[in-house]
Structures are given as structure tokens and as C-alpha cells.
Amino acid sequence: MAATKKLVMIGNGMAGVRVIEHILKLAPGAYDITIFGSEPHPNYNRIMLSSVLQGGTGLSDIVINDWEWYRDNGITVHAGHTVTSIDRVNRKVVSHLGLEASYDTLLIATGSSAFILPLPGADKEGVIGFRDIKDCQIMQETSLSYNKAVVIGGGLLGLEAARGLLNLGMDVTVVHSNAYLMNRQLDKAASMMLKEELEAQGMKFLLQKQSERIHGKKRVKSLSFADGTEIEADLIVMAVGIKPNVQIAKDAGLNVNRGIIVSDFMETNDPNIYAVGECTEHRGIAYGLVAPLYEQGAVLAKRLSGVDTEGYTGSITSTKLKVSGVDVFSAGQYDEPAGTRSLKYQDEVDRVYKKIVLKDDKLVGAVLFGDTGDGASLLSLIRKGESVRGREKELLLGFSAGGAASGKENHLAEMADDEIVCGCNGVSKGTIADAILQKGCNSVSAIKACTKASGSCGGCKPEVEGLLKIYAGDNAAAPVKEGICGCTTLNRDEIVAEIKRMGLKTVKEVMNVLEWSQPEGCSKCRPSLNYYLGMLWPTEYKDEKESRFTNERYHANIQKDGTFSVVPRIYGGVTSPSELKKIAEVAEKFDVPLVKFTGGQRLDLLGVKKEDLPKMWEELDMPSGHAYGKMLRTVKTCVGNTFCRFGTQDAIGMGVRLEKEFERMNAPAKVKLAVSGCPRNCAEATIKDFGIVAIDGGWELHVGGNGGVHVRATDLLTIVKTEDEVVEWGGAFLQLYREHANWNERTSVWVERVGMDFIKKSLENGEERKALYGRIRTAIDQIKDPWQEIIENKELRKNFESLVPAEALQS
Amino acid sequence: MAKVLIGHMADIDKKGARTVRYQDLEIAVFKLSDGEVRAVENRCPHKGGKLAEGMVCGTAVHCPLHDWKIDLKSGNVYEPDEGCVETYETEVDQASGAIYITL
Ligand code: SRM
Ligand SMILES: Cc1cc2nc3c(=O)[nH]c(=O)nc-3n(C[C@H](O)[C@H](O)[C@H](O)COP(=O)(O)OP(=O)(O)OC[C@H]3O[C@@H](n4cnc5c(N)ncnc54)[C@H](O)[C@@H]3O)c2cc1C
Ligand code: SF4
Ligand code: FES
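Those sequence lines, one after another, are chains E and P.
The numbers in the numbering used here rise by one with no breaks, and the one at position 372 of the first sequence is 372.
The numbers in the numbering used here rise by one with no breaks, and the one at position 53 of the second sequence is 53.
Bear in mind the hints are in silico, worked out from the structure with no lab data behind them.
Glycine is no exception: its CB is placed at the ideal position from the N, C-alpha and C atoms.
Treat the hints with care, since some could be wrong.
What the hints assert, rightly or not - Restricting the straight-line Cα-Cα distance to at most 25 Å, the calculated cross-link-like pairs of lysine-lysine (BS3-like) are:
{"#": "1", "chain 1": "E", "residue 1": "Lys-542", "chain 2": "P", "residue 2": "Lys-15"}
{"#": "2", "chain 1": "E", "residue 1": "Lys-798", "chain 2": "P", "residue 2": "Lys-3"}
{"#": "3", "chain 1": "E", "residue 1": "Lys-542", "chain 2": "E", "residue 2": "Lys-452"}
Claimed, not checked - Going by beta-carbon spacing under 7 Å, a handful of chain P positions derived as facing chain E:
{"#": "4", "residue": "Met-1"}
{"#": "5", "residue": "Met-9"}
{"#": "6", "residue": "Thr-19"}
{"#": "7", "residue": "Glu-53"}
{"#": "8", "residue": "Gly-58"}
{"#": "9", "residue": "His-62"}
Please construct the entire structure, taking both the sequences and the accompanying hints into account.
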């Protein structure tokens, strides 16, 4: 093993410490780490300073890593020490208090400072920026004995500061040089709306004012402008921009422009020195937001840990104004640079403004005011960079139900009567209108019962709601509380709580005790109750096959002509010549009409007669692939390092192990896994429910992906080192999902509903993780291979055969 | 019309069904949770789904293909869908458990 190297980092801020966190995971023990930080605090979440100022969040709430973390990870930290020089020849740094540290590798992560306008008097007491805890504390203290605050700068940061000062009880005036607030993001119209909104909250504005001089003796007293006017001020907060902290880098002879110039691997022009965060300039851009800096950090950590990385290629960023009661979102190139065109939507009544910026048919930027619900969808379209030709209006008018309601209604009103609204059930606009106008349907569920619109995948529910609004108007029923189906008004959580509380043990009991309107339920609640009971009482509950769908009762997929398909399990997609021969022989023997490779790396024998199923299973002598169930389906793998020149880990072995570990697992909905051997991701792991991407020395665990109706890329859960950890985290994640999701809710929907924070919190504690893993093992261990069970049990087998009438016997 | 012995109570699970072929007909024979036996043509009026494979809830069955709901007494399809299936009279010999269908 290589000797431990000395890594010194300058700056104890968000981007830098993030890099250290990654390195500790990817290459534990590889470095002896020392950090210098000017601020006397451990690493904290700077973004949250706005919340601290606005109240409700304490300083201790925003600490990301406390002192103990540094100690536990053997990191030497010199807080309160500002590094004043870098000696590249002798490879050491010196702090303003004279402390020295020598390095093999140096990391500059000095962030930036608030830009203080060089006005006469700017050095007076009471003139500050808004950048760190100290600034926050000064504002809080000032508010105790002074009243008049002036914020220079009407951008995101300035408005957040102003809002905070209002909350502290101060009289706040925002001074802005432009005629419009947030002029970089917003158009005049939207900016006016924003101003009115903030004025209603008590903020005052002085627009088109050039600040000229700050007056006062020791402490600030007033601010005067170029036009000769003046305003009283006990406190002046400058929020006019940021200035990357590059002086020490410049002094050391590193290439510096606006920021320290770095390559795609965050290298400076000195091979032993790297830089990351707001102090850098990458491909001409100095970022001022956390997301891109974290992306840079991930690349740098891999680089420093010797893990393969494709490098950092730049980011598309988005921002939200964090002022309560005002929603502003912007993403990408929102300020309409040359060569772009834009579409705008403005609704003065509902106070909604939207703008999308296009360049050659692609979406490159967006601004939302008042209703920011579509922000994430727009951002993802910008990132994808695909053509949006023909969809511009849809994007502008909104994806979501609440989004730009009136624009959406126009679109619906203009739609032709024969245009299909519900694609699953082929229900046209005319049919829905008819149900509302002629048959008196006055709610979405009534329309669903009457026409089936929105009854299947539910994707068209917003349109149905929209049509209801148009045709029923005020006659639309107030939304009623919807239960899991028409038989009850209780929702999933209420039902599960009652089952637990009263120890209910059968579907029938639940329906009786909880007063179902239909005594034997329906095809929706029966399978869900069957699932919840099995999940809650894994060792006691006897699965009710009559409450399962056809496919799960016959352990095969029913086809449109009543035949079935058979998909045997092929672990990790790896088979053998003899296994293939066996499958081929069985297919021939039973005259299987079609043999097909599935999208899940295995074989499907389609068109099998029901009565042949048990015999075929017997001859195949392979476990069920569960291609039909709300269960673990496939675990896709790529070749991994077994053969592939890029492979970093044994993806096949990992995949096979996971499939053996979790096969037969019942779940709220189907569950798909994949393991890729490197970030090229040939197994498409990032659209799976649980996807694993190998990296050198570790495994990235991704969750919540879906490649179906609504494609969703995964979120990164964590990075682990060993295969055992992959299995434990995987099992714990799946069990958490089993215990919390609604029946028929894929992980993609569930993850969005409960949020990644909840999932991370629930899994980060080792003991809880082990307990979750233990519970999933118990649940799976109760279940046998269904094909084998049916082969062995005559009573179960009978349902696959037809009855033979006596007369036929006699004749 | 013929009364045909098609099987015994023990042949069909509660809330389950078996099929029986008689000449050109395929019939689905259901046993409801209270032990009552019902027989209907094994063909959904929608797109011919095999009703015997559906989920039984009370006196109705949900077709396995697209979830149409069919009443096993009248053979009528529940709203909002429309249609009906042929129903057949059934008789159970309480002593022997033998099931007869009138065809
Ligand atoms: C056989 C297969 C198509 C093929 O020939 O490749 C298939 C066939 C069916 N898929 Fe699929 N899906 C198959 C891979 C996929 C994939 C690709 C994958 O798994 O890599 C997807 C997208 C990935 C995903 O799920 O995230 C996929 C997304 C769906 C969906 C949409 C799920 C969603 O959450 O949006 C459905 C509908 C559903 O589950 O309600 C569906 C439903 C179906 C059903 C079961 C429809 C049904 O209920 O009868 C089809 C059964 C056909 C039959 O009779 O055998 N199939 N299906 C694939 C079987 C893979 C396997 O080996 O098990
Ligand atoms: C009020 C506020 C709200 C914000 N809101 C958002 C938001 O909503 N979304 C978003 O994405 N971003 C937001 N940001 C920006 C975000 O906080 C920064 O992009 C991020 O903190 C930059 O990380 P960094 O590590 O590069 O720099 P920093 O977090 O600033 O860390 C650099 C550290 O290095 C120290 N340092 C500097 N020079 C030296 C030296 N010579 N020796 C030792 N130490 C040194 C500094 O004191 C500082 O602690 C906000 C910022 C502020 C101030
Ligand atoms: S996409 Fe899937 S569900 Fe649709 S037809 Fe193909 S196999 Fe069937
Ligand atoms: S065939 Fe029965 S519901 Fe479609």
C-alpha cells in the first residue's frame, strides 16, 4: 500500500468539506487530512443563513458536520486560521497566526466573499455583506438597538436578507440600481408583481438609485445617492454580488481569472494543487450555487481517490427565491442571451408569470413566478437538451394540475370532441363532457365510474379535473376524502394503523371491523389488504390467493386469448448452453407459439395453455421468474470486470447475489434491480427501483428509478464499499418501501412522495438498517417457490385443469 | 335441455372457479363465499376474457383482462360498461355435494 499522503485544504466551507466526505468513503485512510478555516465554526449550511435570519432555524440546526465528525475521522482542523500564503516550492501553507502545514496535495476551497461596493464610508461600522454566520449575528444584534435597515441589491440574496430583517422587526428599504427587482431573472411585468407582493409584506423600495456615499461618524447614519437624495440607515447590507477569494492563489502564481482556473478534473496549473467551489472558474464560469459545486466535488473526490471519472463538464443551474409567500424559480439561461427566443405567459389575476427560453428548438431556460410547480420538470427538460418543437405551449402552460390553470383550461376548451383524453381506456373529451352535462357526474371519481377516464394509470387526472371545471363549474362537488377504493373512505395509512392497533389478521376481518361498504370488497382493496396483512404479519398471515390477481394466482401472465406466458428465473441474465437447450426442448415439446427475449434479460415462452403450466414448470425445473407479480422481477447486469475493459467491479456476481437474496419478495408493486460495472451504466441501473453502479473501490446505490409510463432517473442514496453493504442497504431500502408505500405504488412515486431525506434518515443509522434488513429476510424466508409448490400439491394443481362433465365420460 | 353432472363441491375453492367444456360451450363455474354455485359462459362480453380466471367479490366477478365487473346471478355487466353473459341454472345435491348444471 502507498504511504499515507498529506492533504491540506484551505477553506472549511460547503464545497471543500463535501470533497473530504467523499474521499473518506472512497479511499479511507489514503490521506492524512488537515483543514484551515477562517470561520470559528465547523462546516455549516450557508444556504440556510436566510432561514436563520427569517427565524425558526437556529445556528446549531445548520451545522453539517460537528466537531466530533472531524475528530472521529482523524481530521486536523484549524478553525479561526486564515491561510495567508502558499509556498509551492516547499509545499506548505502558513496561516495568519503563523501556523504552518506541509502538503503533498493542496486543495483550495476558499469560496467567495460578499462584494462590498467601494463607496466612500463603506468601512464604517454597520456596513456588512450577507455571507456568513458573523453577518447574521450582526444583523440580529443590530435589530435589538436600531431600527432602520437598508439593503443594497434587489436580487435573490438582497431580497432574502431584506425579508430576514423585516422578521427581525426592522424598517427595511431595498435599494436597487435597476428599475426592476431581480431584473436578471424577471421581466418587467413579473418584477412588478414581485414588488407588489413584497410591498404587501412591508418591504420598501428605492429603485433606479445609484448609491454614492455612506455617511456617519464611526457608525453609519445615512446613505446618499447620485441624484442628491439621501436615506437614513443604521445598518447597510450590501448584496450586490460575490467575489471569489483568489488572492492567495494569485500570490502563489496560480492561473487566476475571475476565479482560480481549473480543468475538468479541478486541477490548477500546479499538479499538486486542486481547487473546488465558488473560488474556481471552470470553462469560463464561476458558479455561485451549491449544486454545481457539489458536482465538482464529486469529480474531484474520485480523482483524489484514484477512482475513474469522466470529469466535470459544467452544470445547468436553477434557483429559487427563499422568501416565504413568494415563489420565484429560474433555471438555465433565463436572461435570454443572444440567439435565443422566449415565450411568455402572464396572468395578472392569479399573479402567475412564466417564461421559457428556447434556442434552436431546445429549452435552455425558464422563469416561473407565482406558481413554481413545474420547475423540476422544466429543469429536467433543459438538462436533457432534446428538441421540444411543437410542445412549447404545453411547457409554457404547465404540466401540473394547478399549473397555470386558466391557460390549461383554454387548451382543454379548444380541444376537439373526439380527441382522446384517457389513453388507457380510450375516453374522448366528448364522452367526458357528456358524462358531466348529461349524466350529472360532478366529481372525478363519478366521471371515472361513469366513463373509466383516469381509471387506469391516472395520468390524465389533471385533464379530467380541468374538464370538470369547465363543464360543471360551480356545480362540481367539493373534493371528498377518497379512500383506497370505493368500498371505504379510509386511506392506506389509516388502514394499516387500524390493522396494527387491533391486530386484525384476515381480509374479511378488516372489512368487517372497518365497515366496508361492499362486504367482499373489490378488485382494488382486496389485493391491497392482502398485501398489507402479509407485510405486517409475515410469519402468521396466510396469503389469500383468491385476493390476488389472476397472474399472481396462476404464477404466469394471462394473455389476451386466455393463454399464459412462462418466464423462468435466469439469475442476473446469465445462462448456460445446457439451460438454453432445456428451455428449447420444453418449448418444442409443448408447442410454445413464441419464444422471446424479454427486455429483462431472460426468455419468455408465450401462448402456453393453462393446463400445461404445471407440467412445463416441472420439466423446466427452474424457479419462477415472477414476471407476473408485485414482486422482485429481474436483476439486470452488465458484464462488469469479468470481461469488460472498463469494469471496476464484478457486476454479474453482485447481480446474481442480489437476485438470489431478494427473489420471492412480495412488494407493494413490482421491483426491478440492475447492476452496472462502471458509470457507463450499460445495465441502465439509474432507471431501476434499486440500481447499483460500481465505481473503483465502491458501489453507488441509486433508488427510485422507473423506465415505464413516467420515466424517472434514480436519486443517489449513498456510496458503500463492500458487497455485503450493498446487500444490507438494498434490503433495508426495499423493506422501508414495503413498510411505507401504498399498494401498487412503484418506488419512483413513493420516493417522490416521502422524499429522499426521509429515506436517507431512515437508513443512515446502522442499527436501524440491520433491523430493516432482518425484517425483509424474515418475510422472504416464509415464501417458497410457487411453481415448485404447485407441482408438489395436487390440491393447488386442480385449478389448472378443466372439469369433465359426466355425460362426456359416459359417451 | 340437459342436466349435467359436472363435478363436486370439493373441486372448486371458495371465491374460486373451474371451467367445464360441454359440446361447443365453455362454462365458468364459481363457488361464492357462502357456498352458492353459479355458472356463466366463460367469455367476457368486452373482449372475450376468461371470467373463470377473475377475482370473485360477493356475487360478482372482475374480468382478468380489463376489470369489467359482471354479476354472476343475472349475468349483467355493471355500469359504466354494458353487456351481459349467458347464465346457467345450477343445482347442488346437499348430501353428495354433486353439482349439476342445466344446459
Ligand atoms: C415480457 C416483457 C416485454 C418483453 O417482451 O420484453 C413485458 C411484458 C409486460 N409488461 Fe412490462 N414487460 C417487460 C419489461 C418491462 C420493462 C423493461 C425492464 O424491466 O427492464 C419496463 C419498464 C421498466 C420499469 O418497469 O421501470 C416495463 C414496464 C411495464 C409497465 C409500466 C410500469 C410503470 O411503473 O410505469 C407495465 C404496466 C404495469 O405494471 O402496471 C408493464 C406490464 C407488462 C405486462 C405484464 C402487461 C400485463 O399485465 O399483462 C406484459 C406481459 C406480457 C406477457 O403476457 O408476458 N410493463 N416492462 C418484459 C419482461 C421483462 C422480464 O423479463 O420480466
Ligand atoms: C445567504 C445565502 C443564501 C444562499 N442561498 C443559496 C441557495 O438557495 N442555493 C444555492 O445553491 N446556493 C445558495 N447560496 C450560495 C452557497 O452558499 C455557496 O455557493 C456555497 O456555500 C459555496 O461553497 P464554497 O465551499 O465554495 O464556499 P464557502 O461555503 O463560502 O466556504 C469557503 C470557506 O473558506 C473560508 N476561507 C476563505 N479564505 C480562506 C483562507 N485564506 N484561509 C482559510 N479559510 C478561508 C471561508 O471563510 C469559508 O468558510 C447562498 C449563500 C448565502 C450567503
Ligand atoms: S409495452 Fe409492455 S404492456 Fe405494452 S404491449 Fe408491450 S409488452 Fe404489453
Ligand atoms: S375482456 Fe373482460 S374486461 Fe376486457
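Each hint, compared with the structure:
1. Using a Cα cut-off of 25 Å, the hinted pair E:Lys-542 and P:Lys-15 holds, with the two alpha carbons roughly 16 Å apart.
2. With a C-alpha separation of about 24 Å, the suggested pair E:Lys-798 and P:Lys-3 falls inside the 25 Å cut-off, and the hint holds.
3. Of the supplied pair hints, the one linking E:Lys-542 and E:Lys-452 is violated, its CA atoms being roughly 33 Å apart against a limit of 25 Å.
4. Nearest Cβ of chain E to the Cβ of P:Met-1: about 13 Å, over the 7 Å cut. The hint is violated.
5. Because the smallest distance between the Cβ of P:Met-9 and any Cβ of chain E comes to about 12 Å, over 7 Å, the interface hint for this residue is violated.
6. Because the closest C-beta pair between P:Thr-19 and chain E is about 5 Å apart, less than 7 Å, the hint holds.
7. Given the 7 Å rule on beta carbons, the hint for P:Glu-53 holds: about 4 Å separates it from the nearest Cβ of chain E.
8. For P:Gly-58, the interface hint holds, since its Cβ comes within 7 Å of a Cβ in chain E; the closest pair sits about 4 Å apart.
9. Against a cut-off of 7 Å between C-beta atoms, the interface hint on P:His-62 holds, since the closest Cβ of chain E lies about 4 Å away.
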